[in-house]
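Trainee: Residue numbers (my numbering), protein chains in the order written: chain E, 1 to 338; chain W, 1 to 313.
There could be a bad hint or two in this list.
Said to hold, decoys possible - Derived lysine to any residue pairs resembling SDA-like cross-links, with alpha carbons at most 20 angstroms apart:
| hint | chain 1 | residue 1 | chain 2 | residue 2 |
| --- | --- | --- | --- | --- |
| 1 | W | K151 | E | G115 |
| 2 | E | K138 | E | P211 |
| 3 | E | K109 | W | G187 |
| 4 | E | K109 | W | V144 |
| 5 | E | K30 | W | F277 |
| 6 | W | K255 | W | L293 |
| 7 | E | K138 | E | K109 |
| 8 | E | K109 | W | R305 |
| 9 | W | K151 | E | D113 |
| 10 | E | K30 | E | K138 |
| 11 | E | K109 | W | K151 |
| 12 | E | K109 | W | G142 |
| 13 | W | K255 | W | G187 |
Said to hold, decoys possible - So the derived label-pair ranges between C-beta atoms look like this:
| hint | chain 1 | residue 1 | chain 2 | residue 2 | range |
| --- | --- | --- | --- | --- | --- |
| 14 | E | G90 | W | T312 | 50 to 58 angstroms |
| 15 | E | A27 | W | A15 | 41 to 49 angstroms |
| 16 | W | G253 | E | S192 | 51 to 59 angstroms |
Source of the hints: derived by calculation from the structure; they are not laboratory data. If you're wondering where the values come from, they're calculated on a predicted model, not measured in any experiment. Just so you know, even glycine gets a beta-carbon here, dropped at the ideal spot from N, CA and C.
Next come the chains, spelled out residue by residue.
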Amino acid sequence: MTIRKMLLASVAVACAIGPATAFADTATKKIALSNNYAGNSWRQAMLTSWDKITKEAVTKGVVAAADPFTTAENQATEQAAQIQNMILQGYDAIVVNAASPTALNGAIKEACDAGITVVSFDGIVTEPCAWRIAVDFKAMGESQVDYLAKKLPKGGNLLEIRGLAGVSVDDQIHAGIEAGVKKNTQFKVVGSVNGDWAQDVAQRAVAGILPSLPEIAAVVTQGGDGYGAAQAFAAAKRPTPTIVMGNREDELVWWKQQKDKDKYETMSVSIAPGVSTLAFWVAQQILDGKEVKKDLVVPFLRIDQDNLEANLANTQKGGVANVEYSLEDAQKVIASAK
Amino acid sequence: MKLSSATVRLIIPAASLALLLVAVFYMQPRAMSYTGLNLLFNLAVPIALATIAQMLIMAVNDLDLSMGTFVSFCACVAATFLQTSPAIGILIFLGAIAVYAAIGVVIHVRELPSIVVTLGMSFVWGGLAVLLLPSPGGVAPGWVRWLMTAKPPVVPVAIVASILIAAITHFVVMRSSFGVAIRGVGGNHRSVERAGWSVIRLRAATYALAGVFAVLSGVALVGLTTSADANIALRYTLLSIAGVILGGGEFVGGKVSPIGAVIGALTLTLAGSFLSFMRISPDWQIGAQGAILVVVLALRLALNRLETREKTR
Chain E
1 MTIRKMLLAS VAVACAIGPA TAFADTATKK IALSNNYAGN SWRQAMLTSW
51 DKITKEAVTK GVVAAADPFT TAENQATEQA AQIQNMILQG YDAIVVNAAS
101 PTALNGAIKE ACDAGITVVS FDGIVTEPCA WRIAVDFKAM GESQVDYLAK
151 KLPKGGNLLE IRGLAGVSVD DQIHAGIEAG VKKNTQFKVV GSVNGDWAQD
201 VAQRAVAGIL PSLPEIAAVV TQGGDGYGAA QAFAAAKRPT PTIVMGNRED
251 ELVWWKQQKD KDKYETMSVS IAPGVSTLAF WVAQQILDGK EVKKDLVVPF
301 LRIDQDNLEA NLANTQKGGV ANVEYSLEDA QKVIASAK
Chain W
1 MKLSSATVRL IIPAASLALL LVAVFYMQPR AMSYTGLNLL FNLAVPIALA
51 TIAQMLIMAV NDLDLSMGTF VSFCACVAAT FLQTSPAIGI LIFLGAIAVY
101 AAIGVVIHVR ELPSIVVTLG MSFVWGGLAV LLLPSPGGVA PGWVRWLMTA
151 KPPVVPVAIV ASILIAAITH FVVMRSSFGV AIRGVGGNHR SVERAGWSVI
201 RLRAATYALA GVFAVLSGVA LVGLTTSADA NIALRYTLLS IAGVILGGGE
251 FVGGKVSPIG AVIGALTLTL AGSFLSFMRI SPDWQIGAQG AILVVVLALR
301 LALNRLETRE KTR
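Using the sequences and the accompanying hints, generate a full structural model.
Mentor: Put into structure tokens, the structure is as follows:
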């Protein structure tokens, strides 16, 4: 049984590296998802997306299996053991959302040495043999200021709500916003608070700093903090500035209410949990023998005034706006990286 | 033939390890190979070392709640200083071991509960680790990497290392007079004192030795992962305690078994793989891991009772 499988695998490999026209079928390939954490709405949406897209792919016979595994304790050593188990279980590709960018490198090297394709996304890994699907968080921050520059050509004062201090994502978005402000000199950041990506923390922090601030034209955020900021402005009886949202359901609902009431305008941007499905298709493409660059950039999910309703309809209560990626999307991302 | 009580103590952990191994081989025949065994057990090596460290502390009736953060700290040192300037790295390790000895002295002199002191120390080690590596990174020293990924003939390095750890600590703790004195402190420190030993020195030495094994654990861990982060080994606190208990040790009375502790660490690692091969949903995995622990401990309790009945008869 195992010997037959190994023969099949070697034939597949021979096909892949043989004549260039040979099409290595992925119908016999097995892909595993190694996930380190499932304790918030974003991760839950990520797992649901994975299930939805991969089940379809399995029934269509694109791949033989696509099994998700989540570690119980969100610990790097546990996830390293999980990946080593996957090697033993004979998966052809492992898609990883890593607990640590570096602490899994040993296990991932073992997987690569065993001939397994490793694709990391969201929580990416630094091991050179793995593929990385990263979000350009800096561009995400910059896009906020660019949008504001278009909407408020005269500029004005900005309040910046940052995320959790000491996390790299926070630094990157902040750097993007800084770059945006440097480019659009009519804007000035007059205050900055840490909202920890949570509505209640953001509301408290904004309420605390508001009395000391001049008139605010707009609030730049990192996601999960827009609704709290709006509440703080309302409580202080100050005019509501343009608050950039972060695709959470409560933020979109609030935005919709304001839009219906007095044509309030803003935009919303965040990373879609469905990025797991993009990683799945990228892994499938690599198994298919396609040339794929090691570093790919995933587009972030942006919601604007005109597609707010459509996105809100697709968002679960208490969830995050989401998109699931198709094979064509993956091919586009791969092509754009070349 | 009459079995000694120490052997009886080892039977349950050894049997449960064997049983789990058979189950894993049955489910995943691929594991029954050189690479397979190495993949199953290589992450058990640092856990086994941490378990030995914890066992030493437990031998003198104390408990170390800072084991996880200390191993994380050592991993961070190994991935930074030990790699860039080995001399400073070794100095830091020696300093850390000295701190461990000092903790032992403080606990003994002030008669403080070890749980409180080590819990406090866990924040110190955790803070130092974050200072060293604010974001994950560092590089494992080449020789550590080479050691942990070595491919000795016939037997994979994970098994060789486990046997070596078990053999060396068995000799130190069970056969040497120093080991007898350590266990004596746990059993009845007054009588050890009357026999002319300095209990304070013994405790300091025990803590220092535990520090040595914890340092080795951190270094071994970095050898496997290639780099470190400040939270890399937080699980080790509870895993090491569970490993000691699983391997036939006890919280008080100086009743410990080094071979059992290593087997306990291997069993815990294997239990994780076993559950993952069984496709148990992660929501249930912690519970299932706990259930395995409870079953093994219940078996041991039953055996203990048999043992005491034999004695009283």
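Trainee: For every hint, state whether the structure bears it out.
Mentor: Hints, verified against the model:
| no. | hint | result |
| --- | --- | --- |
| 1 | K151(W) to G115(E) | holds (18 angstroms) |
| 2 | K138(E) to P211(E) | violated (30 angstroms) |
| 3 | K109(E) to G187(W) | violated (46 angstroms) |
| 4 | K109(E) to V144(W) | holds (16 angstroms) |
| 5 | K30(E) to F277(W) | holds (15 angstroms) |
| 6 | K255(W) to L293(W) | holds (19 angstroms) |
| 7 | K138(E) to K109(E) | violated (29 angstroms) |
| 8 | K109(E) to R305(W) | violated (48 angstroms) |
| 9 | K151(W) to D113(E) | holds (14 angstroms) |
| 10 | K30(E) to K138(E) | violated (34 angstroms) |
| 11 | K109(E) to K151(W) | holds (15 angstroms) |
| 12 | K109(E) to G142(W) | holds (15 angstroms) |
| 13 | K255(W) to G187(W) | holds (8 angstroms) |
| 14 | G90(E) to T312(W): 50 to 58 angstroms | holds (54 angstroms) |
| 15 | A27(E) to A15(W): 41 to 49 angstroms | holds (43 angstroms) |
| 16 | G253(W) to S192(E): 51 to 59 angstroms | holds (58 angstroms) |
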